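Q: Chains as they are written, first to last, in my numbering: chain B, 1149 to 1580; chain Z, 1149 to 1580.
Simulated from the structure, these hints should not be mistaken for laboratory data. Hints are not guaranteed to be accurate.
[As the list claims (entries may be wrong)] With the Cβ distance kept under 8 Å, some of the chain Z side facing chain B (calculated, not the full set):
#1 A1176
#2 V1178
#3 G1295
#4 V1441
Please read these numbers as outputs of a predicted model, since none were measured by experiment. Ideal Cβ positions, reconstructed from N, Cα and C, are used throughout, including at glycine.
There are 2 protein chains.
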Amino acid sequence: MASPLRIGLAGLGTVGAGVLRLLDAHAALVEARAGRPIVVTAVSARDRGRERGLDLAGLAWEDDAAALARRPDVDVVVELVGGADGPALTLARAAIAAGKPLVTANKAMLAHHGAELAAAAEAAGTALRFEAAVAGGIPVIKGLAEGAVANRVVRVSGILNGTCNYILTAMEAEGRDFAEVLAEAQRLGLAEADPGFDIDGIDTAHKLVLLAALAFGTRPAFASVETAGIRAVCLADIEQARALGHRVRLIGLAERRGEALLQEVRPVLVPATHPLAAVEGPRNAVVVEGEPVGALVFEGAGAGAGPTASAVIADLVAIARGERLPAFGVPAAALAEAPAADPAARAGRHYLRLVVADRPGVLADVAARLRDAGVSIESLLQPAASEEQPALLVIVTHRGPEGAVRRALEAIAALPVVLEPPLLMPILEGGA
Amino acid sequence: MASPLRIGLAGLGTVGAGVLRLLDAHAALVEARAGRPIVVTAVSARDRGRERGLDLAGLAWEDDAAALARRPDVDVVVELVGGADGPALTLARAAIAAGKPLVTANKAMLAHHGAELAAAAEAAGTALRFEAAVAGGIPVIKGLAEGAVANRVVRVSGILNGTCNYILTAMEAEGRDFAEVLAEAQRLGLAEADPGFDIDGIDTAHKLVLLAALAFGTRPAFASVETAGIRAVCLADIEQARALGHRVRLIGLAERRGEALLQEVRPVLVPATHPLAAVEGPRNAVVVEGEPVGALVFEGAGAGAGPTASAVIADLVAIARGERLPAFGVPAAALAEAPAADPAARAGRHYLRLVVADRPGVLADVAARLRDAGVSIESLLQPAASEEQPALLVIVTHRGPEGAVRRALEAIAALPVVLEPPLLMPILEGGA
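Produce the entire structure from the sequences given, and follow the hints as far as they go.
A: So this is what it looks like as C-alpha cells:
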C-alpha cells in the first residue's frame, strides 16, 4: 500500500464541502485510480463555529489558512478561499514557498497573479494546478494543455459563466426581461446578491485569460481583455437574434492576430447551428480551434459543488500519480508578452440596437451616420413599439470592419433622438 | 537541453505520414511543451519502395516492424499498422517485452488483446497509451481516465464512427438513400471499398469496449457487445425520425446495470435537442455521464491524418513528460470481469419499421402481435407508398421493456405480409 497523499484544505464553502464529501464517498475509487489514498488531514475556514453539516472530527483545524502550508502532515494545499488577493494569495505563496503542490479553483487570483505563481512553483520544483478554475467540471485545462498539446491553437472561445448563460437562456425560453430573470436567479442561488462579477463579464474574463495563456503560451494578461457583460441585453435583442437564426450568448474569445493576442468578453449572436448555441442554462462549453485538430468542443456543468469538486480531485489524482507539468503548459520564463490586438480590427457582420425617440426622421439620421462611416446595412428592423417600451431600431450590417461600426455608433449615440447607449454585438459565422 | 525522445514508427499510411509531418512542422512547439525534443529515428512499413511524398532521409528503415522494438536508438514505439492480430500485435508485444512505451491507434487490437497488453506493459514497467484509438483527435481517453477520474461513471455513449455519421447525416441533408450515399462516401475516400467494418458497427464496438474499460474499470470485452450497423436504415426512417423530432445516429453505449455491464452498438433515435443530434458529417462525440460531474460532452474530428496525429503526439508528449498511468486507468489485475447485461431488459420507447405487402388486414395482424406481447402503441404511421418503394409501416411504442418488443417482432417477422426483417431502434430520452 502506497502512503496516502495528505491534503490541507482551505475554504469550506460549497466547493470545499464538496471536495471533502467526494473524497470520502469515492475514497476506494480514487485510491484505485490514483495509486494511493488521498485524504484530507487539515482544514481552514473563516468561521470555525459555523454549522456546515460536515464531520470535521479527526481533521486538524487552522484559523490561519497559510498555516496549512507549514504543517508536516500536509503534502498538498487546496485553496478554495477565493478572491484575487488577501488570504488566498498569502496561502498560495506560502504553499509554493514550502515546496508543496497547490491546487486552486481561484480564477481571479490566477488571472492577476498567475505568472508570478507559476514561476514561483517552477522555481520551487512543485506543481500549480487549476482545472476547477475554468468551466467547473469540464476538464478543459487538461484538454487544452495535454489533449491538444500537439496543436497550434488559433482560437479558444466559450461560455464560461453559468449565471449569464442561465439568464440569457431563461430570457429566451420564458420571454422575460433581464431584470426579472436576474432577480429569480438570485432567489434560486444561481446569481450572487452582488451580481456584477458575473453579469459584467469579469468572471468570464478571469477564466478567458487562463485559457489564453495555456492556448498561446502567453502570460495571463487580464488588463488587456476588453470586457462587456449582459446588462444591456434586453428581451427584444434575444427575440430579434432568434428571428435572424441566432442565439445571444456571453462569449469569452481569445485568438491570435499575427504577433498580437485578441482577448474579449461580450455578448455575441451565435448561429443556431453552432455548438455554443446549444448550451442551455448554467452549463459551460469551450471550443478549442487548433491546427491540425480542427474544432474541439468540451461541454458540461460549469459550476456546482459536485462538478467543481470533480475537477479539484482530478488535479489531486494527477499530483498523486506524480505528474509534473508547468502551470501554463510551458516553462514560466518562456511565456510570451503578447501585445493586445485591437478588437476594432475585427471584420464581420454586426448587430446594432438603438433605443430611439418615436418620431419621424430618426431612420434617416441613423442611416446617414452609418453611411458616413462606410457601414453598409444588410437589414433594418423596427420592432413594434408598445406603450411601456420605447421604440427600438435594430440594424444588421454587411460584413465589414468593426472599427467603422464603432465610429458610426459614436456619432449615432450623440444624436438627440437616441435615448440610450447603443448595443453592439458581433454576429458569429459558421459552425464549429 | 534534455535528450530527445526517440520514436520508432511502424505504419506509413495516412496517419503515420501525418505523425511524421506534424512532428516536423510543430517541432519547436512540441519540444517546448514536452520539455524535450520528440524525433522519429526509425520507421517501418510494408512496402519500402512506395512513393508517399515523405522525406525519409536520415531515418533508419526496418522491413520487419518488430525489429523497431529492439533498436537501441528507439525509446518509444508507435504502432499504426492496424489489424487486430498479425504484425501489429507482434510489434506491440515486442515493444512491451523490450520495456519500451507503446503508443497505438489500433482499436481492433486493443478490443481483442487490450487486457493482455495492459498487464504485460504493467509487468514490464512501461506505458501503453491509445488516445488516437477512440474518436480521432478528441482527447476523450484523457478526459475519461484523468479528467473524470473522481467520478463514478454511470454511462458512456457516443458517435464513434465518422463514416456512419457522414452517411446518416448526408442521407438526411440530401434526401438520398443509403446505397447512393455510401457509394459517394467511397468515391470521396470517406468509406472503405469494403465498408463492413464501419457500417456494420464493428469499428464502433471496438472503440466502445475501450471507453467502457476505462469508464468502469472492467476488462475490454468485445465479445459481449451487441452490435448492429446502419445497413438497414433507409431514407424513410430518417424522415420519420425527423418528423418525430429526432435524428438517427449510430450510437455506441455502455452502462452499468447493477453488477453487469451493458454494451451495445445500434442505430438510435436521438432527440433533436440532445448534443449527439447536433453532430454532423464525419465528426465524433462522446458523452460521459458521471456522478457527481453530470454529463460531459467531448466533440471533434473523429478521423483524418491531422486530428489522429494530434492524438498520437499527445500520448508521446505525456510519455516525454514522464507520465505513468495504467493503460485502463487502474492496475490490470484490478480490472473486473463484468457479466454482460441483457440489452432486452432496457425500458423505453421504441421505433419499429416494417416493410409490408400493400394489402388489407396488415395493420390488424401487426397490431395483434404487438398486443399479444404486451406492447402498447403510441403512434402508427403508414408513409405513402410509391411505385418504386414497397409499403412501410412505422410504429412508435409507449415506454416499455425492449424484451416485449423483441418478442412481438419475432412474431411479426414471421407474418407472410412482412417482406423484410423489421428494423427496431430505441428512442433516446432527454438531453445531456
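Q: Hint by hint, note whether the structure agrees.
A: To see whether the hints hold, each was checked on the structure:
For A1176 of chain Z, the interface hint is violated, the least distance from its beta-carbon to any beta-carbon of chain B being 10 Å, above 8 Å. Because the beta carbon of V1178 of chain Z sits about 6 Å from the nearest beta carbon in chain B, less than 8 Å, this interface hint is met. For G1295 of chain Z, the suggested interface contact is upheld, since its CB lies about 3 Å from the closest CB of chain B, less than 8 Å. Hint status for V1441 of chain Z relative to chain B: holds, with the closest Cβ pair at about 4 Å, below 8 Å.
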